[in-house]
Amino acid sequence: MEELKKEIILPEGDIGDEQQYLTFIMSGEEYGVDILAVQEIRGWEEPTLIPNAPSYIRGVINLRGTIVPIMDLRLRFGLDEADYTATTVVIILKFESDNGERVMGIVVDAVSDVYTIADDETRRPPELTEDDNSDFIKGLVNVNEKMVILLDVEELLMLRMGMAATSYSIDED
Amino acid sequence: MTSILAVDDSASMRQMVSFTLKGAGFDVREATDGVEALEIAKTESFDLVLTDVNMPNMNGIELVKNLRQLDNYKFTPMLMLTTESAGDMKMQGKQAGATGWIVKPFNPDQLLSTIKRVLG
Amino acid sequence: MSVDLSQFHQVFFEESFEGLDVMESELLDMDPADVDDETVNNIFRAAHSIKGGAGTFGFMPVSEFTHVLETLLDEIRSGKRSMEPRYVDLFLQSVDCLRGMLSDMQDGNDPEKERPAELRKEFEVILGMEQGAADPEEAMPESDEKDGGWLIDVQPHTDMLMTGNEPFRMFRELRELVGEDNFEVTADTDNIPELSSLTPEECVTSWQIKVTTSTPIDDIKAIFEWVEDECDLTYSPLTGAAETVSKNQDQQSQETPATASEETPEQVAEKTPEKTPVVVEAQKTAKSSKAPKKAAESSSIRVSIDKVDSLINMVGELVITQSMLGQLGQDFDLSRLAKLQEGLSQLEQNTRELQESVMKIRMMPISFAFSRFPRLVRDLGGQLGKKVILETIGEQTELDKTVMEKINDPLVHLVRNSMDHGLETTEQRIAAGKSEEGTITLNAYHQGGNIVIEVADDGAGLNEDRILKKAIEKGLVPENNNLTPEEIHNLIFLPGFSTAEAVSDISGRGVGMDVVRRNIQALNGSIEVKSQRNVGSTFIIRLPLTLAILDGQLVKVCEETYIFPLVSIVESIQIHRSSLNHVTGSQYVMQLRDEYIPIVRLDQIFGLRDDKDVVDEMMLVVVEGDNEKIGIVVDDLLGQQQVVIKSLEQNYQKVSGISGATILGDGTVALIIDISSIGKNIVPVKRNQNRSERAA
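Chains as they are written, first to last, in the working numbering: chain A, 99 to 271; chain B, 215 to 334; chain C, -18 to 677.
Derived by calculation from the structure, the hints in this document are not laboratory data.
The structure presented is a predicted model; accordingly, all values stated were derived computationally and were not measured.
Using N, Cα and C, we set each Cβ at its ideal position, and we do this for glycine too.
One thing to keep in mind: the hints can contain errors.
Restricting the straight-line Cα-Cα distance to at most 25 Å, the calculated cross-link-like pairs of lysine-lysine (BS3-like) are [said to hold, decoys possible]: (1) C:K627 - A:K192; (2) B:K330 - C:K202; (3) B:K330 - B:K288; (4) C:K635 - A:K192.
Selected chain A positions facing chain C (in silico; Cβ < 10 Å) [stated by the list, open to error]: (5) L147; (6) G157; (7) R200.
Chain A extracted, bound-state conformation (with noise of 0.2 Å):
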């Protein structure tokens, strides 16, 4: 596979109350994170696996030398499992926290496009189910008769649901 870079140009900030978002393709629905998240665009290309780890967790890469994990954002969201395509992307994420920079890459079907959003544009999502994948999402908003789903790039990276125990299990004596 080839490897696909795209630069990504960088707004200069916010303009009052709005931001820009990078949007994504999966399965048919379009989603979108906070374009200052994004580091990079890659193709896919095998990771290294990590033993017992939940399945949407596909592995690790080299970044130009930083471990970088890489996460199936269709498996994450129970969606069913999808072939990787030519269009197939990483999306490289980076998100701030107490520890440092955290990266990990997400899996998705195609890039789409680059909007500019109005917070006030933004509706909160409805309280649909129990379901984890809920909090992932910082809101709903209409573009051109679309709707896109706006991602939480802090919640998807920070892994605090649904990780199952990575230790491997010994039969108990």
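Given chain A, work out where chains B and C should sit, using these hints.
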């Protein structure tokens, strides 16, 4: 630019003095003891020498004495950084040819005002 | 302009701790009966610097406490007093106290008050000091404000100019102080000789200054403070009697006692208000500069300039090689293959040298770690009533700074242990025909890419009988066993094992050898003991030279590549599936010569292969876990190489069984196996089980 030679074996004092004086527009050279200071003074000329007294290898008093032997340092103002209780030191310093002293501990403003006093 | 002094605090703390180390080591080395001046001077200077810096940066408690040290040290160095053993003890205790105070202040907390006060009293008793004795220097003559002003007669000595004191500088200052209109100066040129015999370096003029405003005489005198010895100054109030203050050493005798005592408190009072605001300000600065810049365990390192120069050279060579390869790449064809290979081999060498060079930067001589032991041994010897000599060998052996910081505690524990349990009492030693003093030896040297540190004592050696007895009691070994002496010795590393009759405070409660071993293993190192009854014991610690790099054995499991730390591997053998005995679930055991060892199948525990999939020929890697041998089954052994350890937790999280990751030559990620966590989940094979199975 007025140049000052600051001599002290304590890094924190050197840094404080250097920072303060540079901030006030002076050119500052640092030395960690009398031997180093003497070497530097032989090759560069300074408008003022500021020196601690208690230093290894060559103390401040020796330094002043040696500097006064150099032609271009006969009348250069030289100030000793000395503690209050060292009354003896002040005497010895003066005998060695020091211009005056600054009493430790001092703060940056005191340092500056004394320097300005001397340089006029 | 206001300078933020807090930016210098960290440097001050670092140099103060170093100064305290200097003081301590000089004090420990000295023979009180025969002290040389240089030593006392060194100690004095260290204390003096700390006091000066503390005062300047607003750490007043430290400054005040160090003052008494300095005073006593000054008396000793000026010959007024000679050093005594009890002074040495007091100074050493003060060093400890100061360390604590500085440490507290560095953390942004207030230092304790009792201990310094306690020690201070002892100093004061020695010095015969009374609280608040006024510095005789401060007794000064009258400070009257006279309405009419002053008449000042200024008669410089001929050599006044040679001290850099320029009369006009002082006059200008005075003029500024009193105001231009109130200042009048006239020169007296009577003494000026003919031009031909004039020496410009001499001052032969005198002056008279009239100040026509009421200014405190002290303010005026302050201006001439520096030249009091090289200038005759006479101050007369314009409306009163003359008061000659021609300062020389016996100036004080010229005052009337009554006025002197009256004025002194005033002088002091006048002086202090000026000082206090400054001090308070500095203190505030000291307090507010807390947490943000706190350096945990000194985050800076001193590097010798040679190392830096070496590094610069390496990089230079690398650049040359790179440019050579770059040129080669521009129009490359197969005829230039040989040159390419040459270039690549050059690159490999450059990189290797650069790596070594960089690692050297983090390396420091182990003397830094060894330096605290003379004090420890001295104090502990005193407590235990044992005479102990400390020998250190290989102090210049270098190791990584972080490794050194982490090996400190284990070393301390080993030395304490040797002194407490290893060395016999003086009587016992004499009875055994040994020398009165016991010897503890610290020895460090490089061996095969590692650093080896030995802690040896010439004491009683490990008591095999007692150890065995305790082990049997705790059910760690069966009663009928035939363990070799070495095996018995290794029992001390088992968890919860302590043969101390009384849990003495010295070696610590429950901090056993197992903790020491675990700490060392956490550094990818190992520890073993060699001992002989009545001769002594030697603990041998092996550590890698750096924490960031690991000597690794690459292995293949299914399609995955993993890395084993080479230092944990005991042996590797090829086995057939049939030699594994299935015990339960995914746990197997295997007979290896005369023992059974637990077996872990990596492909199983990592979920890489179904149990049902049969593999006939396997590689067994026997590793040393926490004092137990474990066999780990992999598919194949690949090469051995040095790998750079990268963190998995930075962006992901801790994974059981994995200690970190690395990047292989092909750019892919390989995970590094964490031997001890794999070992933890194994049901230990009990030794009696071993024997009974064998018998069966």
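Taking the hints in turn, this is what the structure says about them:
1. A C-alpha spacing of about 18 Å is found between K627 of chain C and K192 of chain A, which places the hinted pair at or below 25 Å, so the restraint holds.
2. Between K330 of chain B and K202 of chain C the CA atoms are separated by roughly 18 Å; this keeps the pair inside 25 Å, and the hint holds.
3. Our distance criterion of 25 Å between C-alpha atoms is met by K330 of chain B and K288 of chain B, whose separation comes to about 20 Å.
4. Straight-line distance between C-alpha atoms of K635 of chain C and K192 of chain A comes to about 19 Å, which keeps the hinted pair within the 25 Å bound.
5. Interface restraint check: L147 of chain A against chain C, minimum CB-CB distance 6 Å, threshold 10 Å, status holds.
6. For G157 of chain A, the suggested interface contact is upheld, since its CB lies about 8 Å from the closest CB of chain C, less than 10 Å.
7. Because the beta carbon of R200 of chain A sits about 5 Å from the nearest beta carbon in chain C, less than 10 Å, this interface hint is met.
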